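Q: Take a look at the letters that make up each chain.
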Amino acid sequence: MITETEPQAPTTEAAAGGRTPRPRRLPRWAGPVAVLAILLTLPFSTITVPGLFHGALNSPATLHLLAFCLVFGGLATSYDLLYGRVGLLSFGHALYFACGAYVAALLMRILELPLVWAALVSVLAGTLLSLLLGAVALRVNGIAMAMVTLAFAQTGSILVARDPGRATGGEEGLSLNTAMVPDTLVGVMNTVNLYWVAVAYAAFATVVVWWLSASPVGRVWQGIRANEQRVAVLGVDPYPYKLAAFTVGGGLASLGGVVYLLVTGGVTPTITTAEFTLTLLVMVALGGAGSRWGALLGAGLYTYAEHRLRQLGGDSFSALPDWIAAPLSQPLFILGTLFVLMVFFFPGGLVALPERVRSALRDRRATRE
Amino acid sequence: MSTVVLLIVTGLGLGALYFLIASGLSLIFGLMDVLNFAHGAFLAIGAYGTWWAAGFLPGAGPDGPGFLLALTFGVAAGTLAATLVELCVIRPLYGRHREQILATVGLSLAVPALLQAIWGADPLTFPKPRAVRGTVDLLGAHIPKDRVLLILVAVALFTALWLFNSRTRYGLIVRAGVQDRAMVTALGIDVRRSFTLVFAIGGAAAALAGALGGLYYGVVTPTQGMSLLIFAFIVVVIGGTTSLTGCAIASVTVALVQQFANYYTVAGLGDIAVVIVLAVVLLTRQGGLAAKKSAERVA
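Those sequence lines, one after another, are chains A and B.
Per our numbering, numbering of the first sequence is gapless, rising by one per residue and ending at 369.
Per our numbering, numbering of the second sequence is gapless, rising by one per residue and ending at 1299.
No lab work stands behind these hints, which were simulated from the structure alone.
Only a predicted model underlies this, so the values are computations on that prediction, with no experimental measurement involved.
Quick reminder that beta carbons are idealized off the backbone N, C-alpha and C, glycines included.
Among the chain A residues that face chain B by a calculated CB cut under 7 Å, a handful are:
id, residue
1, R139
2, V140
3, M147
4, I158
5, P327
6, Q330
7, L332
8, F333
9, T337
Please construct the entire structure, taking both the sequences and the accompanying hints into account.
A: What follows is the structure in structure tokens.
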């Protein structure tokens, strides 16, 4: 199972450290600090990475793509809080993300609230909505809960698409009312500031999820994921803990919606659909559910790959015969197929890969000896 | 009066469509605990298979017996796809429900994208045979013939599935497996062998639903399957997985609620009313209307 990688990781690490002290092992904070340092220095580097990015690293196009990856990284982390940490399979996470984005856009458009207030209100709305719907959905378990969340999200999707009172813009979506946004966050020249916002969001979501998972609440979540009945038998009612995870996840997602609105400069109904939640699930499972870096890594790679494949799609495959080129021009076809293969061959996601390789090598060495 | 009759018959037609999709889903879920997101893909394959055969397959055509041949081709394509998915994707993952769901999610993204790559994202006009064009008069209402056809097909499928369930040995194993899989295995019967069969039946019904959905909507699109699938999921949850009758009743209820609410209130409210029905059913009777076993065993 994918979900069983995380709880064992610290213990095996500690055990390995106890038996054979490895002096090279870095302290636990080194990884996050290094990643953050890289993310913070990127906009100041003029290095070009041929093949990976068009233009220099600090060019607006590259920064925009990176900001996009980071927004989805944070969003996937909030989904991982439900799926990976607590084991709740929700198919309605898109609803809270869309709630953040749409409510913020509407507040700035209709009430002409400044960004800060619009963001605050929409995050509050998203959190309340997830608290309310979570309270209903969590009355049932497992697949039934998944279906209820899916149905709720579908309602939101229909509402947005029907365009009540010409407010949500239907298929067209809404554009960001830039008059209400500080000038430093508007325009191609200020892409770097949007990038900072995205970094801040991803870091915030990650820190919240890590911190909560390490707290006593996180221990109960681990227990619920491993065996919910046993937690109940031990005298802890799982319901409030699950609801807490659901609410925090929803709140983080709606914050992500606001950041998404800023980064893309608008919002379309595609982010309300069930497919959108399914892509989140794919991102989390791709990276490795319930692990430290899995959701961020999976979301970043997925978003990057989809973006690049869309760019490549038009021209790069034209040399190939048509029946190969046509499917390859569809990013979702490639990503979906890769994902199915990954479920088969790398359960546990990308973060579990080094460990799998290591253990395979160890096995081979053992058999040789 | 004529409006009510029209709404009822149209609702029954939509319910028939839901039943075609949900019956397979509920069989698969009940027996194998697989929440099959790829079901929408089978539906799309059936729809596109029929559309393609009607235009390009020699002998088949958009009308008369040619259309029947096209329909057969579409259903065969869907059945084949479902069988292949079971053998190649689901079978190696037996007992790992999360992974099975993830794999079908991957397929549900990949297959519509593939169809879109081949035939484009724009809706394609679906051929409509002369026999189901126009309307019939019933109690003063002009009812489109394709709705009637849908209802007839769903009734036929219901009867066939019911006969299969109650009169054949495989049906007996499937029914017993839905009730208690461990017990059937303990009695020395390999339930897994019937998994492929159930998947094939579900795929065939979904493909049929795809083709008839093409008639119902007049067009086929790569993503049609997904939106229908969500309502089929709702039907499965409301109807429970133990009985075919529960599934049929839930399909009709959901479709009628949707039709009436959509007509008498704002368009779109019907879809929301269905969700409310689902929430009420789940919160008052866990596991669905007709179910003794809850839908909670998995995940």
